[in-house]
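Order-wise, the sequence lines are chains A and B. Reminder that position 142 of the first sequence reads as 142 in the working numbering, one-by-one numbering, no gaps. Reminder that position 17 of the second sequence reads as 1017 in the working numbering, one-by-one numbering, no gaps.
One thing to keep in mind: the hints can contain errors.
[Claimed, not checked] Chain B residues, not near chain A, derived (Cβ > 12 Å throughout):
id	residue
1	Gly1019
2	Arg1118
3	Met1128
4	Lys1225
5	Ala1244
6	Ala1283
[Stated by the list, open to error] Derived DSSO-like pairs: lysine-lysine, alpha-carbon spacing no greater than 30 Å straight-line:
id	chain 1	residue 1	chain 2	residue 2
7	A	Lys377	B	Lys1073
8	A	Lys49	A	Lys346
9	B	Lys1144	A	Lys23
10	B	Lys1138	A	Lys23
11	A	Lys49	A	Lys258
For the record, the hints were derived by calculation from the structure and aren't laboratory data. Where a beta carbon is used, it is the ideal one built from N, C-alpha and C, also for glycine.
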Amino acid sequence: MRAMLSRLRHMLVKEFIQVLRDKRTRFLLLGPPVIQMVVFGYAATLEIKHVPMAVLDYDQSQASRELVSRFEGSRYFDVRYRLTDRRQVADLIDRGEVTMAVEIDAGFARLLGKGETAHAQVIVDASNSNTALVGLGYLNEVAGSYAREYQLASLSRTAPLAAGGLPTIVLDKRPWYNTDMSSQWFFVPGVIGNLMLVIVMTLTAVSVVREREIGTLEQIMVTPIRRSEFILGKTIPFFLIGGLDATLISAVGTFWFKVPLRGSVWVLALGTVLFLLGALGIGLFISTVSATQQQAMVTSFFFIMPAIIFSGFGSPISSMPTFLQYLTLLNPMRYFQTVLRSVYLKGVGIDVLWPQMAGMAAIGIFMLSVSVLRFHKSLE
Amino acid sequence: MKEGESPIAVRGLTKSFPGVRAVDGLTFSVERGEIFGLVGPDGAGKTTTMRMLAGVLTPEAGEVRVAGCDLVKDPEGAKQRVSYMPQRFGLYEELTVDENIRFYARLFQVKGKACEERAARLLAGAGMSEFRGRLAGKLSGGMKQKLGLVCALIHTPEVILLDEPTNGVDPVSRREFWAILYSLLGEGVSILTTTSYLDEAERCHRIALLHEGRLLFCDTPAALKANFAGQVLSIVTGDPRPVASLLEGRPGVGSVMVVGDGLHVVVDDPARVAQLKNELAAAGVTASIEAVAPTVEDLFVEAVRRGKG
Ligand SMILES: Nc1ncnc2c1ncn2[C@@H]1O[C@H](COP(=O)(O)OP(=O)(O)OP(=O)(O)O)[C@@H](O)[C@H]1O
Ligand SMILES: [Mg+2]
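Could you put the whole structure together from the sequences, leaning on the hints where they help?
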């Protein structure tokens, strides 16, 4: 037992010297994660503002000009071009100069005046379906509110009494947890998870295979070290570095982006620790089965991509095909995303999050055990 | 280890990789206080043999007993008493010389004064005492190799396995290397080394030639030379290469090898001298021919040739 602890301790000393002696490596472990957190925090957002648009007004009436000025007045749109010819639209969209074009048909004001349906066409560049969808929504809202007000205004002129009794349905929005519906609040906790995964996976994925490549693994194998001591020696440093990075980038989320941490720090910490176990286990597994560092890097890349996509970070899991939804149960990132957002924004505790915690613990323990079993003190 | 048992005893050792039988029915043993040299061309199976003796590769068939431990049953059993220096020794380049030594020492539970004294003695023997604080990555190739030896020997092993330890080491350092090895023999160790330098093979107590996984012969250098079937002729001539191609394949002529500005030719009978003189004269070549004692190199080249034929 004493011998085991002593060997493990010297494994750790060696690992830490290796990681921390070089000034550049030292910086690389802490600098880029924080910088990326800041950059991603700003970039990762679903909000659409200043969508460039073109307007093609065939009506040239007061009513149509009024509608256009509403687009101009909205912070969602930037009316960049006023066109006179339909053929110009395709060109502007192709070149990406505008994302949408609104074409107001001749007779718009006349139909509106008669109380009939007035037409306007929207042409939208849907190559980014999200932008297109959200942009259309805004557009509808602007046009709808214009129509309503127009109706009210004309009614109050012709039949002032009826105007008051016009039936309307107003959905009172009561967004919980994120009252401003700020997508930054939604994304920043998610980015913490992504960064943790990338950092810890890439560090551990190369750790064992690196020793294989430089030849020290063969040397280690002829010492009396046990494989669990070796694997622990490889795991603990990255676990600590991962924990430190997690603290730093969560601090950026809280103090820089002002995302409220409504739940308990300890629940968040527990979730992070359990998630780190899974990420370390998978990274180690990749490292023990890879023959070269390059192989390990490519393999972990092919894991990280789907792990993020199928975690609910961007698009919700509930809108994925059913069998993929089941597959996501094997993804530790899925549980961590839930934990992050729930603790940050909903402020819930273990009583709610225990299934996620259990899922991550199971994956972590399983992968770490597999890595230890898979790692033999043998060159085959 | 039982009384009278060889520290290294190998019987019928076999190992295949896909498409190649790397080691094929190897049988030999190494005694206490002996340096045993394993020699052979590239791909002969030397490294594969060493790895099986070190317990990092599982034999396919055969018996391996190292330091009294059956490695087939218990590959971990001998690790504390064995030292293995791989062909490419793994040093941690970010660690200093001292830190590398200490790391390997601690994995073997060597510490305190015993560790300090042994490290100091080995480093002095390697002529590296003044580099203890230097990063391993900043050492020259030969020094890295010597540091590898120091790390491998830090735990006072009984059996030492060295895979081409002096590869890329300059002649002065090689002498230091061998001095360290001889000094260890005083501790009663057994050393098995592979080498591609045949002058080093002559320094071994016994040598074995490995070719395509099989042992072609195994004896002391003196006995091998004495039992050599054939005669080595040294031919000195202006341009040896055309002469070599002239002689290859002639009746009674075995291996032909360019050595410096002359040739070593193995013939079946010393009486062939007259025949060769006539043939060279007929080809218009002036050369002096003289019978010499075989070197280890001659033995190997001829044995490999016969092994192929
Ligand atoms: N891990 C492996 N997988 C497949 N083939 C291998 C492996 N290791 C060795 N071999 C093959 O086994 C044979 C013997 O290799 P080995 O490394 O033991 O030779 P060697 O005598 O040490 O050669 P060298 O002098 O070049 O070091 C070679 O044909 C080699 O290609
Ligand atoms: Mg070799």
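When you check the alpha-carbon spacing of Lys49 (chain A) and Lys346 (chain A), does it fall within 30 Å? It holds: about 27 Å lies between the C-alpha atoms, which stays within 30 Å.
Is the Cα-Cα distance between Lys1144 (chain B) and Lys23 (chain A) 30 Å or less? 24 Å, holds
Measuring Cβ to Cβ, find out whether Ala1244 (chain B) lies farther than 12 Å from everything in chain A. Ala1244 (chain B) is indeed farther than 12 Å from all Cβ atoms of chain A, at 39 Å.
Against chain A, does Met1128 (chain B) hold up as non-interface, every C-beta pair farther apart than 12 Å? Per Cβ check, Met1128 (chain B) is outside 12 Å of chain A; nearest 18 Å; holds.
Looking at Gly1019 (chain B) again, its CB stays over 12 Å from all of chain A? Given that every Cβ of chain A is farther than 12 Å from that of Gly1019 (chain B), nearest at about 16 Å, it holds.
Restraint status (C-alpha distance of Lys1138 (chain B) to Lys23 (chain A) at most 30 Å): 17 Å, holds
For a C-alpha distance cap of 30 Å, please report whether Lys377 (chain A) and Lys1073 (chain B) respect it. 15 Å, holds
Pair hint Lys49 (chain A) and Lys258 (chain A), alpha-carbon separation not exceeding 30 Å: Judged against 30 Å, a Cα distance of about 21 Å means the pair holds.
Does Lys1225 (chain B) really sit off the interface, with its C-beta more than 12 Å from all C-beta atoms of chain A? 35 Å, holds
Checking the smallest CB distance to chain A, is Arg1118 (chain B) really beyond 12 Å? Fine: 16 Å to the nearest Cβ keeps Arg1118 (chain B) off the interface.
12 Å cut-off, C-beta based - Ala1283 (chain B) kept clear of every residue in chain A: 51 Å, holds
The earlier numbered hints are all upheld by this structure, with none contradicted.
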